[in-house]
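Chemist: Each chain, written out:
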Amino acid sequence: GDSVTQMEGPVTLSEEAFLTINCTYTATGYPSLFWYVQYPGEGLQLLLKATKADDKGSNKGFEATYRKETTSFHLEKGSVQVSDSAVYFCALSDPSTNTGNQFYFGTGTSLTVIP
Amino acid sequence: GAGVSQSPSNKVTEKGKDVELRCDPISGHTALYWYRQSLGQGLEFLIYFQGNSAPDKSGLPSDRFSAERTGGSVSTLTIQRTQQEDSAVYLCASSLGAGGRETQYFGPGTRLLVL
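Residue numbers (our numbering), protein chains in the order written: chain A, 1 to 115; chain B, 1 to 115.
One should not assume that every hint holds.
For the chain B half of the interface with chain A, some residues (derived, Cβ under 7 Å), not all of them [to be verified]:
| # | residue |
| --- | --- |
| 1 | L39 |
| 2 | G42 |
| 3 | F45 |
| 4 | F65 |
| 5 | Q80 |
| 6 | G107 |
| 7 | P108 |
| 8 | R111 |
Bear in mind the hints are in silico, worked out from the structure with no lab data behind them. By construction, the Cβ of each residue, glycine as well, lies at the ideal position given by its N, Cα and C atoms.
Just chain B, with the same shape it has in the complex (with noise of 0.2 Å):
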């Protein structure tokens, strides 16, 4: 079956504009995370959802960061007023179920660029 997939794979936006990313999970999986990738860094956890429980926001690094889940399914990052250091990979995963033991299967990206 299909992959995550992310949309876009690219974004270049100027710094203030808000930016919405995209996450289509495997069908059928409960967990999805949302992780960071900047330059020379590692991933760094943003956010994870579970089923219908409430997510586990305290990865986001400000209030200008916020996602949602709708029907247990895709997933939308969104950032507002983007700033320069916004700019990095913004990768999603998901898994089967949650516990830490799952297999995560992640998407291609999305590279922000923010001017």
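This is chain A alone, in the form it adopts within the complex (with noise of 0.2 Å):
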């Protein structure tokens, strides 16, 4: 079935220092791919999504480029701030299924950037 595998955390960076955060997912169909965002003490939101192969998605910084050839949805940012310190979902829908309704989300990655 769907699913969605992502960089195991907390991950600490210090502040201006280049962000990876590893997403890999298996689908059946042509799966849309999300990252959301929780900070702290707010609910999730969406920070990007990317619905076709090759399409990339930004927002505040963030990139990630949807990889069919590496099954990859990669969330990069380039200089990070102490306000991106929050959990980093990585999450997979895939309408062309009988489960299109249904979104599979990754356990999260904690990000802490210090001062």
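Starting from the two chains in their separate frames, assemble the complex, guided by the hints.
Modeler: Structure, rendered in structure tokens:
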């Protein structure tokens, strides 16, 4: 079945460091891919998404490219800030299958950015 | 406008009691999801409602769990005869439509502790 595997945390970086959080997926059809972020004390919110292969989602300096050949959707940011400290979730939905309305989430990666 | 709201924000109950968790989706959103987030785990899909269609209950972990959505708006998740393993954060999300490509908007969650 469909699933998402993301990099284990926690991750601690210094301000202005480069960030990569790995995410790979397994899907039977043509999934849409998402990154959600959960800031301390807040609910999950969409960070970015990509709905087809080679699409690049971007928001707030974060980027992720939908790579079908490597079944990956790694999250990157060139220069992190303290305010980026949060838990990041990779997610998948597969509209082309019978479970198209279900979303599959990774376990989350906690990021702490220190000044 | 208002986001997704959930109540209560925290619930402590004794093993064997029934609990009801409430979700108010964003007005006009036809799709509503319930998830469970256990400590150190990703989000586990529980149930999905779309308009007047029969809900997708495939994620409910046991027959102690049930959910309703009245009038296509408010939803209630009921857990009967709670067990300690039911302790988790229960998240509700809504989206404008279905199909797996729509952005989900999450509520703040209900933190359930079963003693």
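Chemist: Against this structure, judge whether each hint is valid.
Modeler: Do the hints match the structure? See the list:
1. L39: violated, 11 Å
2. G42: Holds - the Cβ of G42(B) comes within 7 Å of chain A, reaching about 4 Å at its closest.
3. F45: Nearest chain A Cβ about 5 Å off; hint holds.
4. F65: At about 16 Å, which exceeds the 7 Å cut-off, the nearest Cβ of chain A leaves the hint on F65(B) violated.
5. Q80: violated, 24 Å
6. G107: With a minimum Cβ separation of about 6 Å from chain A (threshold 7 Å), the hint on G107(B) holds.
7. P108: holds, 5 Å
8. R111: violated, 12 Å
In summary, the structure is inconsistent with hints 1, 4, 5, 8 from the numbered list given earlier, while agreeing with the others.
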